[in-house]
Amino acid sequence: MLAIATVYLIALLSAEKQILIIALLLAGIAVVIAAAWFGVLEGLGATFADHENALGGWAIIAALAAAAYFYDNHFVLLLVITVLLYSVATLGLNVQFGYAGVLNFAGASFFGIGAYTSAVLNTYTSLPHVLVLAAGGFLAALAGSLLLFPVLRTRGHYAAVVTIAFALLFKTFLEVNDVLGGPQGMQVKGMRILGWSFNDNIEIGKISLSFYMNYFVVGLLLLVGAIILVRRLERSWIGLNLDALRLDETAANCFGLDIARWKITAFLIGNFLIGIAGALFGMVGGFVAPNNYTFADSLILVSILLLGGIGNPWGLIVATIIVVVVPEKLQTIQEYRFLLYALMVIAVLLFRPQGLLPRPVRRYFPGWRP
Amino acid sequence: MSALLESRNLSKHFGGVSALDGLNLTVAPNEILGLIGPNGSGKTTFFNVITGIYSADSGQVRFEGADVTNANGRAIYQAGISRTFQRSRLSLPLSIFDNIMIGNHKRLNQGLWFNLVRRGDFKREFEESYAAARTLVEVFEPALANRLFEPVAGLPMIDRRRIEICRALIGAPKLLLLDEPSAGMTHEETVNLMNDILLVRERNQNLSIIIVEHEMGVIERITDRCVVLNFGRKIAEGPYRKVAADAQVQEAYLGAA
Numbered sequence: 018m019l020a021i022a023t024v025y026l027i028a029l030l031s032a033e034k035q036i037l038i039i040a041l042l043l044a045g046i047a048v049v050i051a052a053a054w055f056g057v058l059e060g061l062g063a064t065f066a067d068h069e070n071a072l073g074g075w076a077i078i079a080a081l082a083a084a085a086y087f088y089d090n091h092f093v094l095l096l097v098i099t100v101l102l103y104s105v106a107t108l109g110l111n112v113q114f115g116y117a118g119v120l121n122f123a124g125a126s127f128f129g130i131g132a133y134t135s136a137v138l139n140t141y142t143s144l145p146h147v148l149v150l151a152a153g154g155f156l157a158a159l160a161g162s163l164l165l166f167p168v169l170r171t172r173g174h175y176a177a178v179v180t181i182a183f184a185l186l187f188k189t190f191l192e193v194n195d196v197l198g199g200p201q202g203m204q205v206k207g208m209r210i211l212g213w214s215f216n217d218n219i220e221i222g223k224i225s226l227s228f229y230m231n232y233f234v235v236g237l238l239l240l241v242g243a244i245i246l247v248r249r250l251e252r253s254w255i256g257l258n259l260d261a262l263r264l265d266e267t268a269a270n271c272f273g274l275d276i277a278r279w280k281i282t283a284f285l286i287g288n289f290l291i292g293i294a295g296a297l298f299g300m301v302g303g304f305v306a307p308n309n310y311t312f313a314d315s316l317i318l319v320s321i322l323l324l325g326g327i328g329n330p331w332g333l334i335v336a337t338i339i340v341v342v343v344p345e346k347l348q349t350i351q352e353y354r355f356l357l358y359a360l361m362v363i364a365v366l367l368f369r370p371q372g373l374l375p376r377p378v379r380r381y382f383p384g385w386r387p
Numbered sequence: 002m003s004a005l006l007e008s009r010n011l012s013k014h015f016g017g018v019s020a021l022d023g024l025n026l027t028v029a030p031n032e033i034l035g036l037i038g039p040n041g042s043g044k045t046t047f048f049n050v051i052t053g054i055y056s057a058d059s060g061q062v063r064f065e066g067a068d069v070t071n072a073n074g075r076a077i078y079q080a081g082i083s084r085t086f087q088r089s090r091l092s093l094p095l096s097i098f099d100n101i102m103i104g105n106h107k108r109l110n111q112g113l114w115f116n117l118v119r120r121g122d123f124k125r126e127f128e129e130s131y132a133a134a135r136t137l138v139e140v141f142e143p144a145l146a147n148r149l150f151e152p153v154a155g156l157p158m159i160d161r162r163r164i165e166i167c168r169a170l171i172g173a174p175k176l177l178l179l180d181e182p183s184a185g186m187t188h189e190e191t192v193n194l195m196n197d198i199l200l201v202r203e204r205n206q207n208l209s210i211i212i213v214e215h216e217m218g219v220i221e222r223i224t225d226r227c228v229v230l231n232f233g234r235k236i237a238e239g240p241y242r243k244v245a246a247d248a249q250v251q252e253a254y255l256g257a258a
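Chains as they are written, first to last, in our numbering: chain A, 18 to 387; chain B, 2 to 258.
Since the hints were made in silico from the structure, they are not lab data. C-beta: ideal position from N, C-alpha, C; glycine also. Among these hints, one or two may not hold up.
[What the hints assert, rightly or not] Calculated from the model, a selection of chain A residues having no Cβ within reach of chain B, i.e. all distances over 10 angstroms:
hint	residue
1	Val48
2	Glu69
3	Lys206
4	Leu356
[Said to hold, decoys possible] With beta-carbon atoms standing in for the labels, derived distance ranges:
hint	chain 1	residue 1	chain 2	residue 2	range
5	B	Asp247	A	Val178	48 to 58 angstroms
6	A	Glu345	B	Glu129	49 to 59 angstroms
7	A	Leu366	B	Ala29	49 to 59 angstroms
8	A	Arg278	B	Ala29	33 to 43 angstroms
9	B	Gly185	A	Leu366	28 to 38 angstroms
10	B	Arg88	A	Arg278	19 to 29 angstroms
11	A	Arg386	B	Lys243	52 to 62 angstroms
12	A	Arg278	B	Asn25	35 to 45 angstroms
13	A	Ala182	B	Gln249	34 to 44 angstroms
14	B	Asp122	A	Ile78	39 to 49 angstroms
[Claimed, not checked] So these bits of chain B aren't anywhere near chain A, every CB distance computed over 12 angstroms:
hint	residue
15	Val18
16	Glu65
17	Ile77
18	Ile97
19	Asn116
20	Pro152
21	Gly172
22	Gly185
23	Asn193
24	Asn196
25	Pro240
Given the sequences, and given the hints that come with them, work out the whole structure.
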């Protein structure tokens with residue numbers, strides 16, 4: 018099943034002709050709708066839930082297979098890396114919104130904080146680049162906590178309003194700040210770990226691998242780490258606390274939950290993931306500019322969350338693939354991609370409000386039987 | 002006899018309406034106190050003031066001798082008071098086990114490191130909690146004990162009540178506040194539920210209960226003592242038979258003769 022999906026994805030990524038891409042997309046949509054119609058998806062979802070570790074292993078193999086197939090194709094590899102890092106960022110958003118119920122409309126801004134962190138640190142310091150990634154995460158978490166500390170104590174969606182304001186301010190702040198390059202942005206030095214430069218192609222015998230392969234490996238590790246973290250979080254008392262306070266704050270408070278503490282914890286963890294992903298993304302692109310981290314980009318992240326199924330990491334990855342890859346491959350609709358996102362989100366909210374892959378009931382240890 | 006819970010001159014106003022008007026009330030250890038009165042007489046408000054959902058305008062609440070007036074919900078829970086709600090407030094998408102564990106908050110290790118990294122230790126605590134939840138649920142409904150990982154949303158009202166009571170009991174409170182546990186249930190279901198509650202108290206002699214209830218059969222059978230409220234004031238107190246015969250109480254319920 019996953020093998021078919023991988024082959025399909027590789028075919029889609031390698032297809033060049035627009036008409037072929039449209040045909041492939043329509044075929045994919047038709048298959049999914051047909052499967053849903055005949056009730057295959059539910060059974061499939063249950064099987065996946067029972068054998069999640071195996072599924073994870075196969076997903077890694079599938080990703081490696083896709084990367085190996087495109088070993089010298091810069092463009093496709095960049096696209097795959099984008100999917101990996103956006104997935105990490107939406108996993109962060111998922112902890113905030115999906116679990117704790119705190120809406121974050123500044124996802125792209127915190128992503129940008131990570132990216133600018135790596136731009137500044139790589140330019141002005143000789144900090145090891147692995148630590149730069151962590152610094153990006155910490156700074157995004159710090160900015161988020163300073164921003165939301167006063168607001169998270171209140172009820173309702175005030176936090177969401179504050180994040181919208183922050184998203185708008187952040188872009189302006191970058192544009193007027195000369196140290197950070199103003200509207201033109203900054204160059205980011207490529208990643209280098211233990212003398213291994215990430216921006217050179219890898220030569221193995223006669224085969225030359227794209228330099229993006231380096232970033233692909235780090236991105237994949239990051240995503241695997243993020244999934245493990247988010248999974249463990251969900252399957253712990255902390256995940257339960259977050260669900261409890263999202264669903265009924267009053268009742269949660271009556272049973273001893275410190276609402277503000279857990280909201281902030283969730284927000285920090287989420288922002289940390291977003292910031293790390295942003296820091297690596299800055300190095301991958303080699304360039305950061307204010308226009309890459311706008312409110313509109315934050316909305317794209319939120320739409321991935323709604324599309325994929327709030328609370329389900331696998332759904333988020335599928336949704337990220339759809340949202341990132343489809344507009345890139347369908348150049349003809351580039352200009353209308355926001356329209357496309359809007360239509361997708363509306364369609365999902367109307368016909369499948371729980372998202373493509375809904376979140377199953379929590380099992381603390383998959384396969385555990387009393 | 003020292004009181005477990007004591008309220009002195011407790012008052013709460015909503016605009017011009019006084020929901021609680023200088024209420025004096027005590028609960029002894031291991032006592033089941035019935036709190037009765039017509040609709041709007043201040044019974045649920047009393048629960049909400051004690052558990053920190055509303056703050057009192059004046060007066061004092063003491064629990065085990067300590068002043069807990071206007072303490073927040075968390076502190077009240079930590080001190081050993083837990084409650085159920087008049088309209089069931091379970092988290093419907095979560096499983097039975099999850100809902101019960103919300104009530105077990107103070108006994109679960111909430112550390113980040115413990116929850117995310119030390120999964121072996123976490124699993125041990127999880128298994129102990131599972132056993133505790135299962136034992137408790139078995140008292141109320143053995144059939145539910147095998148379905149702890151099903152979502153609450155699919156359960157009938159009677160089972161939801163049971164889960165809510167289990168959620169309040171799992172943390173071993175000293176005082177349980179039951180807000181109309183029989184609402185929306187048949188007579189027979191109510192009888193069963195009350196038997197289960199009595200069974201739990203038999204096993205745990207340190208548990209006191211305040212029960213708000215409109216079904217007088219329930220009150221008569223399970224309470225040691227009753228307090229009757231009307232317009233936020235106590236109008237009668239004593240064993241059920243005595244208060245039921247009281248002229249003021251009959252007037253409050255049936256109107257002036």
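Here's how the hints hold up against the structure:
1. The beta carbon of Val48/A sits about 29 angstroms from the closest Cβ of chain B, which is more than 10 angstroms, so the claim that it is off the interface holds.
2. Distance check on Glu69/A: its Cβ is at least 15 angstroms (rounded) from any Cβ of chain B, clearing the 10 angstroms threshold; non-interface status holds.
3. Even its closest Cβ contact with chain B, about 33 angstroms, leaves Lys206/A beyond 10 angstroms, as expected for a residue assigned away from the interface.
4. With a closest Cβ-Cβ approach of about 32 angstroms to chain B, Leu356/A is found to remain outside the 10 angstroms limit, as its non-interface label requires.
5. Taking 48 to 58 angstroms as the suggested C-beta distance range, the pair Asp247/B and Val178/A conforms, at roughly 55 angstroms.
6. Distance hint check: the CB atoms of Glu345/A and Glu129/B are about 51 angstroms apart, consistent with the given range 49 to 59 angstroms.
7. Distance hint check: the CB atoms of Leu366/A and Ala29/B are about 55 angstroms apart, consistent with the given range 49 to 59 angstroms.
8. Taking the beta carbon of each, Arg278/A and Ala29/B are about 36 angstroms apart, inside 33 to 43 angstroms as hinted.
9. At roughly 32 angstroms, the beta carbons of Gly185/B and Leu366/A sit within the given window of 28 to 38 angstroms.
10. Between Arg88/B and Arg278/A the beta carbons are some 27 angstroms apart, a value that agrees with the proposed interval 19 to 29 angstroms.
11. Judged by the Cβ atoms, the range 52 to 62 angstroms given for Arg386/A and Lys243/B holds: they are separated by roughly 54 angstroms.
12. Between Arg278/A and Asn25/B the beta carbons are some 36 angstroms apart, a value that agrees with the proposed interval 35 to 45 angstroms.
13. Separation of Ala182/A from Gln249/B is about 58 angstroms and departs from the stated range, judged on CB atoms against 34 to 44 angstroms.
14. A hinted range of 39 to 49 angstroms for the beta carbons of Asp122/B and Ile78/A is inconsistent with their spacing of about 32 angstroms.
15. For Val18/B, the requirement that its beta carbon stay farther than 12 angstroms from each beta carbon of chain A is met, with the minimum near 22 angstroms.
16. At roughly 17 angstroms from the closest C-beta of chain A, the C-beta of Glu65/B stays outside 12 angstroms, upholding its exclusion from the interface.
17. With a closest Cβ-Cβ approach of about 8 angstroms to chain A, Ile77/B is found to fall inside the 12 angstroms limit, against its non-interface label.
18. For Ile97/B, the requirement that its beta carbon stay farther than 12 angstroms from each beta carbon of chain A is not met, with the minimum near 10 angstroms.
19. The Cβ of Asn116/B sits about 4 angstroms from the closest Cβ of chain A, inside the 12 angstroms cut-off, so the non-interface label is violated.
20. For Pro152/B, the condition that its CB be more than 12 angstroms from all CB atoms of chain A is violated, with the nearest at approximately 5 angstroms.
21. Not every Cβ of chain A is farther than 12 angstroms from the Cβ of Gly172/B; the closest lies at roughly 8 angstroms, contradicting the non-interface assignment.
22. Gly185/B, annotated as away from the interface, keeps every beta carbon of chain A farther than 12 angstroms; the closest lies near 18 angstroms.
23. Separation of Asn193/B from chain A is adequate, the least Cβ-Cβ distance of about 25 angstroms exceeding the 12 angstroms criterion.
24. Residue placement check: Asn196/B keeps its beta carbon more than 12 angstroms from all beta carbons of chain A (closest about 25 angstroms).
25. No Cβ of chain A approaches the Cβ of Pro240/B within 12 angstroms, the least distance being about 31 angstroms, so the stated non-interface status holds.
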